[in-house]
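What follows is each chain in one-letter form.
4 protein chains.
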Amino acid sequence: MQKIPVGVLGATGMVGQQYISLLRNHPWFEVTYVAASPRSAGKSYRDATAGRWQLAASYHPAVGDLIVEDANDVSRAVAASKAGKCAFVFSALEMGKDEIKKLEESYAAAGIPVVSNASAHRWTADVPMLIAEVNPHHIDIIPIQRKNRGWDKGFIAVKPNCSIQSYMTPVWALIQSGYEIRRMFVTTMQAVSGAGYPGVASLDVVDNIVPYIGGEEEKSEQEPLKILGEVRGGAIENAAEPLISAHCNRVPVVDGHTACVSLEFGEKKPSIDEIKAVWSAFRAVPQELELPMAPARPIIIREEADRPQPRKDRDADKAMAVSVGRIRPCGIFDIRFVGLSHNTVRGAAGGGILNAELLKAKGYL
Amino acid sequence: MQKIPVGVLGATGMVGQQYISLLRNHPWFEVTYVAASPRSAGKSYRDATAGRWQLAASYHPAVGDLIVEDANDVSRAVAASKAGKCAFVFSALEMGKDEIKKLEESYAAAGIPVVSNASAHRWTADVPMLIAEVNPHHIDIIPIQRKNRGWDKGFIAVKPNCSIQSYMTPVWALIQSGYEIRRMFVTTMQAVSGAGYPGVASLDVVDNIVPYIGGEEEKSEQEPLKILGEVRGGAIENAAEPLISAHCNRVPVVDGHTACVSLEFGEKKPSIDEIKAVWSAFRAVPQELELPMAPARPIIIREEADRPQPRKDRDADKAMAVSVGRIRPCGIFDIRFVGLSHNTVRGAAGGGILNAELLKAKGYL
Amino acid sequence: MQKIPVGVLGATGMVGQQYISLLRNHPWFEVTYVAASPRSAGKSYRDATAGRWQLAASYHPAVGDLIVEDANDVSRAVAASKAGKCAFVFSALEMGKDEIKKLEESYAAAGIPVVSNASAHRWTADVPMLIAEVNPHHIDIIPIQRKNRGWDKGFIAVKPNCSIQSYMTPVWALIQSGYEIRRMFVTTMQAVSGAGYPGVASLDVVDNIVPYIGGEEEKSEQEPLKILGEVRGGAIENAAEPLISAHCNRVPVVDGHTACVSLEFGEKKPSIDEIKAVWSAFRAVPQELELPMAPARPIIIREEADRPQPRKDRDADKAMAVSVGRIRPCGIFDIRFVGLSHNTVRGAAGGGILNAELLKAKGYL
Amino acid sequence: MQKIPVGVLGATGMVGQQYISLLRNHPWFEVTYVAASPRSAGKSYRDATAGRWQLAASYHPAVGDLIVEDANDVSRAVAASKAGKCAFVFSALEMGKDEIKKLEESYAAAGIPVVSNASAHRWTADVPMLIAEVNPHHIDIIPIQRKNRGWDKGFIAVKPNCSIQSYMTPVWALIQSGYEIRRMFVTTMQAVSGAGYPGVASLDVVDNIVPYIGGEEEKSEQEPLKILGEVRGGAIENAAEPLISAHCNRVPVVDGHTACVSLEFGEKKPSIDEIKAVWSAFRAVPQELELPMAPARPIIIREEADRPQPRKDRDADKAMAVSVGRIRPCGIFDIRFVGLSHNTVRGAAGGGILNAELLKAKGYL
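Residue numbers (this note's numbering), protein chains in the order written: chain A, 108 to 472; chain B, 108 to 472; chain C, 108 to 472; chain D, 108 to 472.
So that you can see chain A by itself, here it is in the shape it has in the complex (with noise of 0.2 Å):
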């Protein structure tokens, strides 16, 4: 099977090293086209994230020989895609929220589908915000978007903030069940990654926590409702619940979001041992398909006392998998759990590159 070129804006910033480091050895992915910032166009990715790269792991030789398009200049990305080059684009764009907004539509517009990790457009009520385990079947709003805006190839399909991933996704296990989710508190302890680089001062970390992260409880609470959505008469319809209450703190961890979650079952109550049951047989649309970045279960059970933890468990399968531990009763609502998941792999660039293959296997890219 030959691979299909794809491209990253973005390129340089943590999510963009992260989209290249995972791509690495994609089996239908290749990275053929990378832009970033005016700053960096025009010399190789090697030369562009000299001294900047963050992560462990490194990326492909033939990438680091790439040259580094302007992002803003839609017309180069549509000449390497008529060379073959890029079929279509990761969005981990970090600039002004409408800029990014209006970038995206120009990709599109220009015939490029946009796989995008910004927030810009999680509020466009035609763009699918989709957790591939959630809501794959938002996709399905795809061709009323085309519809809606003329576009032909293009599309823009978009992620979700990565923090609500570290429990969205048992939650979703449990709805699905048949167990109707009225409440939910939520307390985020998020690692320094998702601030990006420099991001968050090591004087706000060392010895510190901070209880505060601009923008995340609001995303934290609005998020999850269209993800729980219907595409209803050519739009997304939100859920009408479950009501949420979250409080995110910045903690001195590198990677891996922990959130203390109590939820609020309706009528129908499971017990401890049924949510266990839920949570284990889980499997979902990137299992049934196969998908490569999928994780085989989407939900790890811990049953130590003291699981999961950021340092232990952020990588498990692939750092796609989430990770639950300390199931129990709550004292006001029905029950209690720890849930965790990566931030910049299931929670960013992991999860992008999911997505993208769940739109490939589906028929859309």
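Accuracy of the hints is not assured; some may be wrong.
Claimed, not checked - Which stretches of chain D does chain C cover? Using the computed rule of at least three CB atoms under 8 Å from a CB of chain C, they are: (1) 171 to 178; (2) 271 to 283; (3) 358 to 364; (4) 404 to 415; (5) 432 to 442.
Unchecked claim - Straight-line alpha carbon distances no greater than 27 Å define the calculated BS3-like cross-link-like pairs of lysine-lysine that follow: (6) A:LYS467 - A:LYS192; (7) A:LYS425 - D:LYS425; (8) D:LYS209 - D:LYS189; (9) B:LYS425 - B:LYS467; (10) A:LYS383 - A:LYS467; (11) A:LYS383 - D:LYS150; (12) C:LYS467 - C:LYS333; (13) A:LYS150 - D:LYS383; (14) C:LYS150 - B:LYS383; (15) B:LYS189 - B:LYS208; (16) B:LYS425 - B:LYS254; (17) B:LYS425 - C:LYS425; (18) D:LYS204 - D:LYS326; (19) B:LYS254 - B:LYS209; (20) D:LYS333 - D:LYS375.
To be verified - Selected chain D positions facing chain A (Cβ under 7 Å, derived; list incomplete): (21) GLY158; (22) ALA163; (23) VAL185; (24) ASP314; (25) LYS419; (26) ASP422.
For the record, the hints were derived by calculation from the structure and aren't laboratory data. The structure displayed is predicted, hence computed values, not measured ones. The beta-carbon is built from N, C-alpha and C at its ideal position, and this holds for glycine as well.
Keeping the supplied structure of chain A fixed, place chains B, C and D upon it in accordance with the hints.
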């Protein structure tokens, strides 16, 4: 004024060191008796803590010269008491709960009041569990306790778990102002000093957090009910509410426990401004009595978006104030906030000293 | 005694904040003038530092009310000076080296003495680079400096790089006692506060160290030679030795630079006991003059096997003492030891204040 | 090829876990025997390590089912050996030095070769202390060892201390290329995993470093001389140089020891470029034999100004390569550089496995 000679049991441990350090220049109390495990007994306090002293602050040279006694041998304290060297003891004992229970009773029975930091007697019906700003009136149980046990001068008074002190004073200030609190979600991020030395292994908190602290959630959910209870019919009767759900985590912070709290009020619901007014104005018995260890303002409101933070706020007002911030509406309950206090000062030795000052001012010492 | 009104240039930055904090209750000096970048100018100091204040300790309320001036506008300081509000300035300017150089000269030319923390003028031949305990006699260059430049009241005095202060006082004490030091290996492990705020990215120091600090090794190898030099023929003539090799590392510590040092003596070689005797007995001009910021003992010897340590020793004696330990033979040179001092107090603002106290006591302010 | 059945002594400890993890899919060796303290004996390996497993990577399910034997009972290993379940053992024993010495001898005497990680036999004259890339020829002492002790099949081979492996391969590469090294200053910054679990207390490394590791400096100064020595007259004769001065520090890093090194050459002094050429080209016996655990390039040169760094470089080439950087002239000796290797892989279990591979390839196993 002649200083009162006091003893410290468990003087070589982490909390014991904090007592010794904080009492260095105390205007009322003077450390003249130190006791610890048989291993330390017979050595000077200086030698017994050589290479084990954990604090940046040091101890009074005169304490360094004291010979450490065996804490199990109550007769030594009795002799010291008779020699005018030990009017009462602070207990920072670290041993099995049942052993501490019996040993503290032996001291009290021998006529030596015990102001304890240990958890052993927290649920003993006739023992007050004091936060000096919250339930100072619980000391009224002491005459009953003495009568119950046939003790003459001795008695036992304890303080609650360190982590609840990051939010119980603010919670009490609201209750006292007529705002009933029905339910309460709490997620704590606790400092490593709370586990003593060596305590938490560095492999557990470098690039990691641990979402579990043995016994801590149970204490956090139950102790507030006794503290908010009333002395009735010769015992302390627990309050009926609030119902509490607590999730306790260990984070890489030296000192300072942070808590994310959501409150559900009864019918009367304060506005954010009313809450701030209550907290700003709050003063209690320790402030009225101008106790030496009492913070001038028990509750300090931080208006910055990202405060309180452990490294910046734990030392506020002799490390005895509770700092609060991020006071905002909660999507599920009524309001949310972040509370923070110094766990080994406000939550341990400093709180114990304040309790002793209260007991002294009220004539019990 | 009426306090001397002083100004702080760069008052809103990290070192500026440390100046403001340390001068809170200074017996001689009172902050009555603050200046910073045009961005802060016109705001009250309180507003200009809201959400940017990095220290646990706070500032004097009266300073919070001061209106921040534009540091580039020397005429404002001159006006303040005439109004009795700015007898001299502490410079904690953060801008390009050449800009600082010119700006500090402008203040001095305008009759306002500059006691600087910046590196800009460290290598200006007629500017003294002072560690008050080591080369206080270098202030004798000031009349020459004034004459060279036609300045009347103004002058510039600077202090050296923060990290060398963890070992230069002990090194000087030995030299002064007649033990020539020929060569010296130094490896430093430096705190993140040394890089200001935001400074070092958290991704660089969570589960990591960085074995490089730009320019630091060069400063560490060269500055001691000027400090150990002599005022001769209207200039400061560098000392010929010791020859120094420095390796500087950034480690996850908030405050406190630690240095591992090996010394090769000349023909006269002290024993370990002689070294300890020299260091214990060492007192210098700031101690003789009883300057307010001077530590009682400039060098504190720790006898424990594993000290000094930054968290436990950096605050010794108002954070102005140098702590040393592990004094032992070196397999290659003669002796080895570990030195430690607080980089933003002893190594920055505290050292600057001590220099000003020295200059005041000697009649230059 | 049928895999060789191997045992791991001390299998439940930190290094033991690393052995079990690294051998998970080893092409030559298969773990079929595990032994630990009597406390673990009788349990399955899964149960014995439940809640104590420290690594992110896991073990082979079949190893989880193995019953842990008592490491003190050599007869159990002999029985396993006869049953084809234990051809040799990796020793990761954690007990007193004398106990380990005797126990390892008992295994060898019983015909079971011991490839050890422990320090007990490092200075036994007829026991080779191997870094496979540096002194593979020292295995020639094994026939002599067997003869000395009347052992038939058994023998003991050890590896040196973890921290010296961050620079000994580069040092050896230069020596082997004809550049005599006379003297060497080394300052290490060592990871907490080197102390095992629980090991270093978190209070010692949150906002702190510890400038002392018991016994480490002595090992660092002496072990290289044996490694660089020669098998002569039935014993390993130490090399006469380099003379080494080591200063060892503990820093808040999970894995990866970093070393700042200065080298003084003999008369023949390489240029920086020559050094880089030697290191880039260096390949040794493990590379020639294509041993499974051997890194392709034993020495990786980083050209960035601020590398190597533990978090980014420790995992290079299966965590078996040494990364070097900052190669530059030294103000006192000839050159300086920073070396880094993974302490529990290259410096412990991985190095032990590589030694076993070498011994197998050379016909000793």
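Structure-based check of all given hints:
| no. | hint | verdict |
| --- | --- | --- |
| 1 | 171 to 178 | violated (count 0) |
| 2 | 271 to 283 | violated (count 0) |
| 3 | 358 to 364 | holds (count 4) |
| 4 | 404 to 415 | holds (count 4) |
| 5 | 432 to 442 | holds (count 6) |
| 6 | A:LYS467 - A:LYS192 | 17 Å, holds |
| 7 | A:LYS425 - D:LYS425 | 17 Å, holds |
| 8 | D:LYS209 - D:LYS189 | 22 Å, holds |
| 9 | B:LYS425 - B:LYS467 | 20 Å, holds |
| 10 | A:LYS383 - A:LYS467 | 32 Å, violated |
| 11 | A:LYS383 - D:LYS150 | 26 Å, holds |
| 12 | C:LYS467 - C:LYS333 | 23 Å, holds |
| 13 | A:LYS150 - D:LYS383 | 26 Å, holds |
| 14 | C:LYS150 - B:LYS383 | 26 Å, holds |
| 15 | B:LYS189 - B:LYS208 | 24 Å, holds |
| 16 | B:LYS425 - B:LYS254 | 37 Å, violated |
| 17 | B:LYS425 - C:LYS425 | 17 Å, holds |
| 18 | D:LYS204 - D:LYS326 | 14 Å, holds |
| 19 | B:LYS254 - B:LYS209 | 18 Å, holds |
| 20 | D:LYS333 - D:LYS375 | 23 Å, holds |
| 21 | GLY158 | 5 Å, holds |
| 22 | ALA163 | 5 Å, holds |
| 23 | VAL185 | 35 Å, violated |
| 24 | ASP314 | 4 Å, holds |
| 25 | LYS419 | 5 Å, holds |
| 26 | ASP422 | 5 Å, holds |
Comparing the model with each earlier hint shows violations of hints 1, 2, 10, 16, 23; every other hint is respected.
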